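Enquirer: Chains as they are written, first to last, in the working numbering: chain A, 6 to 285; chain B, 329 to 685.
Hints listed in this document are in silico derivations from the structure and should not be mistaken for laboratory results.
Fair warning: this is a prediction, and the values are worked out from it, not measured in the lab.
By construction, the Cβ of each residue, glycine as well, lies at the ideal position given by its N, Cα and C atoms.
A portion of the hints provided could be inaccurate.
Here are some, though not all, of the chain B residues that point toward chain A, as calculated from beta-carbon distances under 10 Å [unchecked claim]:
#, residue
1, ARG349
2, ILE353
3, TYR416
4, PRO417
5, MET419
Chain by chain, the residues run as shown.
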Amino acid sequence: MQKIKPFDHLILILGTLFLCLPVFMALMSSTHTAIDIHSNGLFLTPGDNAGPTYTKVLTARGGFTGDVTGLRMLMNSMIMGIGFAVGKIVLSMMAAYALVYFRFRFATVIFWAIFTTLLLPLEVRIMPSYQVMSTLGLLNTYTGLIVPLLASATGTFFFRQFFKSVPDELLEAARIDGAGPVKFFIDILVPLSRTMMAAIFIIMFIYGWNQYLWPLLMTTDETFYTLMRGIKSILQVWVGSQIPDYNEAFALAVLAMVPPVAVVVIFQRMFIKGLTESDK
Amino acid sequence: MAHLSLTSVGKTYAGGVDAVRDVNIEIADGEFIVLVGPSGCGKSTLLRMVAGLESVTHGDVRIGDRVVNRLEPADRDIAMVFQNYALYPHMNVRDNMAYGLKNRGETKSVIAERVAEASRMLELDPYLDRKPRALSGGQRQRVAMGRAIVRQPAAFLFDEPLSNLDAKLRVSMRGEIRRLQRRLGTTSLYVTHDQLEAMTLADRLVVLNGGRVEQIGAPLEVYHKPASVFVASFIGSPAMNLIDARVEAGRVLVGSHDIAPAATDAGPVTLGLRPEDLSLASTGLPVAVEHVEELGAQRIIHGEVAGQPIAIADSSASELGETVHVAATPGKIHLFARDTGRRIDLAAAATGLAHAV
């Protein structure tokens with residue numbers, strides 16, 4: 006057995022505190038009033054203002070036009086997150102299927118072309134993308150928010166690697182059993198990729214959830230506000246002697262954290278399985 | 329049930345490599361044919377061409393009376409058992425067996441009936457709801473066979489189905505496959521590199537080397553009359569001794585030792601002697617003993633004669649000196665032409681065989 010080393014534990018404890026304290030602080034501070042926070046700084050102890058703050062954040066109509074609530078923002082973020090995750094999984098699975106199982110010319114070249122786009126962040130192509138969407142008249146729509154970002158090099162890459170690890174005999178057995186390309190994909194590959202899909206779902210959900218710049222550009226209609234933009238707008242009220250609603254910003258941040266955490270907790274076992282072992 | 333026929337079948341890969349050349353085999357209905365050969369001899373390629381997993385570049389493959397060269401595997405009315413079983417990991421045993429039937433659009437009652445029958449035959453009943461990963465190797469192999477059986481195909485194709493099992497299980501599964509095939513009477517094509525498996529299973533053996541057929545024949549025929557040096561060395565364990573010899577004046581000579589009479593033209597030959605056809609004698613070919621493998625029932629004496637290795641299967645318990653003398657059983661010597669490696673027929677000379685010296 007390993008000897009327990011106090012120093013190692015100290016480092017681990019410090020690391021945990023370093024990661025968890027800010028989150029805890031945000032949670033605790035959100036239960037105080039804005040004035041309290043403004044005059045006394047951040048809190049590590051619970052306050053008594055939790056109820057009103059969270060109710061207000063979720064239900065009070067705010068924003069420029071005054072008709073966007075926290076719940077609305079939560080829903081928008083959810084649509085973004087799930088839309089991204091599901092869309093990206095479907096698209097990249099089909100792309101990877103074509104790349105791995107169909108023999109066509111330049112498949113490798115095409116794969117590497119897709120792969121190199123991994124190196125290009127969204128910001129590089131944000132202007133042309135915006136131009137295309139605006140010409141198509143898709144500004145201020147969920148379609149415009151989600152579809153342009155669906156092509157995923159990461160997802161295609163992961164699925165390609167996974168499909169390559171599926172033994173050829175399985176395909177051959179399926180062919181003898183009379184499964185055509187579509188049937189093989191749906192009956193064999195999709196169920197086998199479940200863990201992989203869970204892994205990609207987590208990554209892509211969080212990617213979609215955290216989008217800030219893209220929705221900022223694509224939507225001018227406040228009904229498309231996401232949580233990320235909501236937090237920002239709360240802190241933007243530095244006008245005159247007004248105090249920003251720190252507590253509300255914290256509350257929104259905490260709320261914004263819950264769904265991704267839930268997704269990770271739910272899918273975590275499959276996530277680890279998907280990235281480390283194949284179910285064969 | 330159907331007969332199978334391969335007519336000058338060949339496979340040339342895109343790079344111009346000939347994996348299989350000019351194979352002609354007629355397989356009768358219900359026959360068990362084993363394709364045997366060292367790795368890379370094209371036996372798996374040949375099987376996969378019959379299955380439809382590789383395209384046929386030359387010749388015709390017929391199953392029943394249909395030329396199937398261009399048919400999809402599923403339409404060829406065959407079933408295949410793979411080396412690594414290739415069971416669908418996410419389906420339970422029942423679904424694994426039923427999948428092919430479902431795709432063919434069989435009714436639920438037919439599927440249930442066939443699966444039940446196969447699982448009873450293979451004693452898989454207690455495992456029907458398990459996933460393949462919860463089964464042992466032998467059980468997985470049985471499921472793979474069950475998947476083949478439920479289709480009631482014209483032919484079974486086996487691609488080294490036993491090589492992932494341990495030695496003991498292999499022997500029992502071997503018997504099981506043979507019994508099952510007899511019972512179902514389905515034409516079978518079986519690929520293996522294990523000559524023992526080949527000998528015990530086959531109605532007829534097809535020995536392949538370098539993409540060509542070396543010999544087709546019943547196991548004992550192949551064993552007793554190997555058509556070439558390659559077949560001689562491949563079939564039989566321990567392998568046949570192949571010794572450079574020459575024929576002079578109707579006698580086979582190794583060095584200066586007279587082995588046996590041979591009614592063939594004078595010149596260099598390769599002499600084939602099975603270890604079990606050699607016995608210790610007071611006079612005869614002198615063998616310098618190098619080492620001895622004790623197998624219990626017998627021992628294999630490895631030695632050297634005229635600078636060439638030789639093995640003798642000996643079941644006597646006599647003390648061995650540094651040199652022993654061995655004699656060949658009359659009529660059990662094989663001669664092969666040195667240049668082509670083909671067998672020289674000694675039948676004509678058999679009557680005149682004297683005792684080996």
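Enquirer: Which hint numbers does the structure go against, in order from smallest to largest?
Expert: 1, 2
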